[in-house]
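Protein chains in written order, with our numbering: chain A, -15 to 256; chain B, -15 to 256.
Do not take every clue at face value.
Put simply, identical chains are the same to the list, so a pair is met inside one copy or across any two.
DSS-like, lysine-lysine: derived pairs with alpha carbons at most 27 Å apart [as the list claims (entries may be wrong)]:
| no. | residue 1 | residue 2 |
| --- | --- | --- |
| 1 | Lys53 | Lys168 |
| 2 | Lys9 | Lys(-4) |
| 3 | Lys(-14) | Lys97 |
| 4 | Lys97 | Lys168 |
| 5 | Lys(-4) | Lys168 |
| 6 | Lys53 | Lys67 |
| 7 | Lys176 | Lys(-14) |
| 8 | Lys97 | Lys9 |
| 9 | Lys67 | Lys9 |
| 10 | Lys97 | Lys53 |
| 11 | Lys168 | Lys67 |
| 12 | Lys168 | Lys(-14) |
Keep in mind that the hints were calculated from the coordinates and are not lab data.
2 protein chains.
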Amino acid sequence: MKRFCIHTITTKPLIIEECLIEFPKRGVTGITIWRQALEGREWTDVRRQAADAGLDVVSLCRGGFFPAKTAADRQTAIDDNLKAIEQAHALGAPLIVLVCGAVPGQSLVESRKQITDGIAAVLPAAEQAGVKLAIEPLHPMYADDRSAVNTMRQAHEICDALGSPTSVGIAVDVYHVWWDPELKQQIDLAGKTGRLHAFHICDWRTPTMDLLNDRGLMGEGCINIREISDWVDAAGFTGHREVEIFSDRLWATDQRRFLDQIASSYTSLYQS
Amino acid sequence: MKRFCIHTITTKPLIIEECLIEFPKRGVTGITIWRQALEGREWTDVRRQAADAGLDVVSLCRGGFFPAKTAADRQTAIDDNLKAIEQAHALGAPLIVLVCGAVPGQSLVESRKQITDGIAAVLPAAEQAGVKLAIEPLHPMYADDRSAVNTMRQAHEICDALGSPTSVGIAVDVYHVWWDPELKQQIDLAGKTGRLHAFHICDWRTPTMDLLNDRGLMGEGCINIREISDWVDAAGFTGHREVEIFSDRLWATDQRRFLDQIASSYTSLYQS
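Using the sequences and the hints, build the whole thing.
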């Protein structure tokens, strides 16, 4: 349970002050904060409140979305990532998760180049702030407009292209990568290269009714979560296991009961 | 236009007799027949009617779905594929497209093994009937229950494991593989190894509202269809370009007008 983290988006109907009360009651020790949860709050207040609640701020979600058709729009994206770095620094979040972005109709090769350039542009600020960046490969069903980085191999290639700075790594989310035949090998490589920056869990439901918001609670679907988690640990990862679920169905339920279910599911997953 | 083919499923509301009248009016020269369109018909009648309409029967959709939890269910799948081979032979279809199958919760490695075994079991009958088989890699979003073969690389690996029989190849559907960073290289390999058995086109819409039935008409989405088509041709493919679209939205429209739109979209795509 020492590694049990939940994303604020997982219980989207709760405001962050409620998360800070409800998460620790279920044995949660880490919180990943989505930027929209910060609206109207002083960042340093949230940092203090999280510490008072006994929660580590594991990461800030999310930066990225670097590709765009015009240079002006790409600069806007860079500026927004610089703001995210400031936020993460103020919150005491050691990491920003990058959903890298894609532009429908623009070649994925070009988008990956723009992603690499975008990360390079914000990297000095991130390093100065002591904030790491994690490229999150997204499932290929998001290659149209969310991410041109769809496999761990591609994430590694971007890290390589940047010269393998220690501050840039990978966020492994089982939902996005479970199908990848190279997964174990790429996780091993991420361990060896110091790039295992984050680990996210949820499940894949059959049938999945919505491309975005029909993810499952662990155990509701077909992903070999525990096996992948063991691969990640064997590769040297010791950070939090972050429960990140987008689900219209689960958001419509009582969120305190849902948190009980998450805790129960997490416990079953890791009890042996 | 000599390579213009449409799948019966693309105009699902039309019965096959209507397809045989309407397709040729738009310059279509090939038809791929889905098995449900044959219900209640004599296969040899359909063969004659297609020939009378001036349409080549390009392939039969679909065989596959080999993996199952029990040996008895795997045998049922094999029997069904043997029936599909009989059907294809009777129809004069030179090819069966395989949607290979997957079982939620069963490892993808095990499912791919069962797929390989299933193809091996039906291969002698296919060869005797002069019917080829095409493994269709399906998009990773179908890895839960439709196909454990999600990339062209995996399809090649299964062909290799079978000893590279000339009768087993690959069906390239842009919808499933457009995101794959290895796509061109794997198409080239398929050309060199004589495995380019079929080429399917449609488009990926943003946003996609349904995992199964929200595919787009060519031009409605973000796929670089013409570029992929040119790769396939450069690799030596000279067969039909098959329009295969599943869309609740388009099925709800007048199918004769929809066929006009398909012809217009196909013409734009290949006019230069």
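Within, between, both or neither: Lys97, Lys53 at alpha-carbon 27 Å: within (13 Å within a copy, 44 Å between copies)
Up to 27 Å CA-CA - Lys168 versus Lys53, copy category: Intra 35 Å, inter 24 Å, cutoff 27 Å: inter-copy only.
Within, between, both or neither, where Lys97 and Lys168 count as close if Cα-Cα is 27 Å or less: both (26 Å within a copy, 18 Å between copies)
Intra- versus inter-copy proximity for Lys9 and Lys67 (alpha-carbon distance at most 27 Å): Neither, since 32 Å and 59 Å both go past 27 Å.
Homo-oligomer pair classification [Lys97, Lys(-14); C-alpha up to 27 Å]: neither (38 Å within a copy, 38 Å between copies)
Homomeric proximity label, Lys176 with Lys(-14): Cα distance no greater than 27 Å: Answer is within; shortest intra-copy Cα gap is 24 Å, inter-copy 53 Å.
Same-copy or cross-copy closeness of Lys97 to Lys9 [CA-CA at most 27 Å]: For Lys97 and Lys9, the Cα distance exceeds 27 Å both inside one copy (44 Å) and across copies (45 Å).
Lys168 and Lys67: within-copy, between-copy, both or neither at 27 Å Cα: neither (34 Å within a copy, 38 Å between copies)
Homo-oligomer pair classification [Lys67, Lys53; C-alpha up to 27 Å]: within (21 Å within a copy, 51 Å between copies)
Alpha-carbon proximity between Lys168 and Lys(-14), which holds within one copy, between copies, both or neither at 27 Å: within (24 Å within a copy, 46 Å between copies)
Intra- versus inter-copy proximity for Lys(-4) and Lys9 (alpha-carbon distance at most 27 Å): within (18 Å within a copy, 53 Å between copies)
27 Å Cα threshold - placement of Lys168 relative to Lys(-4): Neither, since 32 Å and 41 Å both go past 27 Å.
Comparing the model with each earlier hint shows violations of hints 3, 5, 8, 9 and 11; every other hint is respected.
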